[in-house]
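Peer 1: Start from chain A and add chain B according to the hints.
Residue numbers (UniProt numbering), protein chains in the order written: chain A, 1 to 219; chain B, 1 to 225.
Don't read these hints as lab results, they were simulated from the structure.
Heads up, some of the hints might be wrong.
Stretch-level coverage of chain A by chain B, calculated; a stretch enters the list once three of its residues show a Cβ under 8 Å from a Cβ in chain B [said to hold, decoys possible]: (1) 58-67; (2) 95-106; (3) 142-150.
C-beta atoms are modelled at their ideal positions from N, C-alpha and C, and glycine is treated no differently.
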Amino acid sequence: MAGELVLLDFWPSPFGMRSRIALAEKGIPYEYREEDLRNKSDLLLQMNPVHKKIPVLIHNGKPVCESVIQVQYIDEVWHDKAPLIPSDPYQRAVARFWVDFIDKKIYELGSKIWKTKGEEQANAKKEFIECLKLLEGELGDKTYFGGESLGYVDVALVPFYSWFYAYEKCGDFSIEAECPKMIAWVKRCMQKESVAKSLPDQEKVYEFILQLKKVFGSE
Amino acid sequence: MGEEVKVFGYWASPYSYRAELALKLKGVSYEYINEDIFGNKSDLLLKYNPVHKKVPVLLHNGKPIVESLVILEYIEETWKHNPYLPQDPYDKSTARFWIKFIDEKCFPTLWLAAWSAENEREKVTNEACEYLKTLESALNGKKFFGGETIGMVDIVASSVGYFIRVTQEIMGQNLLSADKFPQLFQWSEDFANCSIVKESLPPRDKLLPFVKGLIAKYQQDNAKA
Chain A
1 MAGELVLLDF WPSPFGMRSR IALAEKGIPY EYREEDLRNK SDLLLQMNPV
51 HKKIPVLIHN GKPVCESVIQ VQYIDEVWHD KAPLIPSDPY QRAVARFWVD
101 FIDKKIYELG SKIWKTKGEE QANAKKEFIE CLKLLEGELG DKTYFGGESL
151 GYVDVALVPF YSWFYAYEKC GDFSIEAECP KMIAWVKRCM QKESVAKSLP
201 DQEKVYEFIL QLKKVFGSE
Chain B
1 MGEEVKVFGY WASPYSYRAE LALKLKGVSY EYINEDIFGN KSDLLLKYNP
51 VHKKVPVLLH NGKPIVESLV ILEYIEETWK HNPYLPQDPY DKSTARFWIK
101 FIDEKCFPTL WLAAWSAENE REKVTNEACE YLKTLESALN GKKFFGGETI
151 GMVDIVASSV GYFIRVTQEI MGQNLLSADK FPQLFQWSED FANCSIVKES
201 LPPRDKLLPF VKGLIAKYQQ DNAKA
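Bound-form chain A, shown alone (with noise of 0.2 Å):
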């Protein structure tokens, strides 16, 4: 069942992060490919030929892109173990309409965060804040958002704190300040092996941003 498992992905990346944790959740062994975004490989261009983007999970040379179709995916082929979404299809839709709703909030308004000045990176920083407040309210007492194991939404969610920091340092605000029970939560996650090992270092992050500012011209 295990085949060939590879997953073409780039570091800083916090939807590779996502199959990188249900792969270690899981326990199931593959190897990672390094990408160079400004110089694509043949086979990511070949396995993603519609949008070229990472992550790509190879699964016996068969791909399967995008973050969230890769984890339900891992989460469907290797069911036994560690299970990430619900059975109960109430549950489900529930974990899947938060996981709709980080995908369409967080990264868009992180990226506005360190890209931009002034009024728009303020509201930016303003909104971001309610939707992890939002958040917040959903985790309520329960010690993930999956409830006493790590679930969907808490795999599609922890790797934007990998990129907290640099949000911090650009936006010049404190998140845990705001949301205390939110970074309470990324703590507890921070404590398992399968999130801290796919999660790279918060400030190679920050320099990879600054790199990134410099190349956009903002700075």
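Peer 2: Showing chain B alone in chain A's frame:
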């Protein structure tokens, strides 16, 4: 069985339509509530979808499910007969890929091509055509995206195959034409001719003036911005 199924929707919304078509394909009876989304949204809608405040909302035995794609997956998992997603995980992931592509790239760009200003229209139209070409490749000689019968990709593609085609008529564009995209055009005809689809689509003569008004509004808002 005593199940209570309700859909809060809007008659002209392609997203709302997806939820209704899915329930009809499963033969599930439901109560439809039309929301005045451009005027006054009901308290119930705001209660059931506090985050986005949008239609469609599916209410099943008092529990709300929102976002059309989430609703489609829920319907598939709850009423397991007449499946519209493949069983095999890999085929399922392929279907989900095309659904995401339609929802995030194809449909929004085609809509944009309809109302964008003259100076931007050519660029957006070219992009839209590229997406249509890619979408057509997903058909790969099949009658429907789902194979011999309508699948979830077809349900989602109704936004392109029907709603966008109506929009194009109004704008005098003809992007989804038989000579440019013969397979995709044929698919949209076959899809719209399915009895279950035909009887549930919002009628063209009602939709045309509505979309015309909507486009005018978008153009107005865009000119102001």
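Peer 1: Given that the stretch 142-150 of chain A was listed as covered by chain B, double-check it with a C-beta distance under 8 Å for 3 or more residues.
Peer 2: Not satisfied, violated; 0 residues make the cut.
Peer 1: Report holds or violated for chain B covering the stretch 58-67 of chain A, Cβ cut-off 8 Å, minimum 3 residues.
Peer 2: Per the Cβ count (5), the hint holds.
Peer 1: Within the assertion that chain B covers the stretch 95-106 of chain A, do at least three residues meet a Cβ-to-Cβ distance smaller than 8 Å?
Peer 2: Coverage by chain B holds here, the residue count being 4 at a Cβ distance below 8 Å.
Violated hints amount to a single one, hint 3; each of the other numbered hints is respected by the structure.
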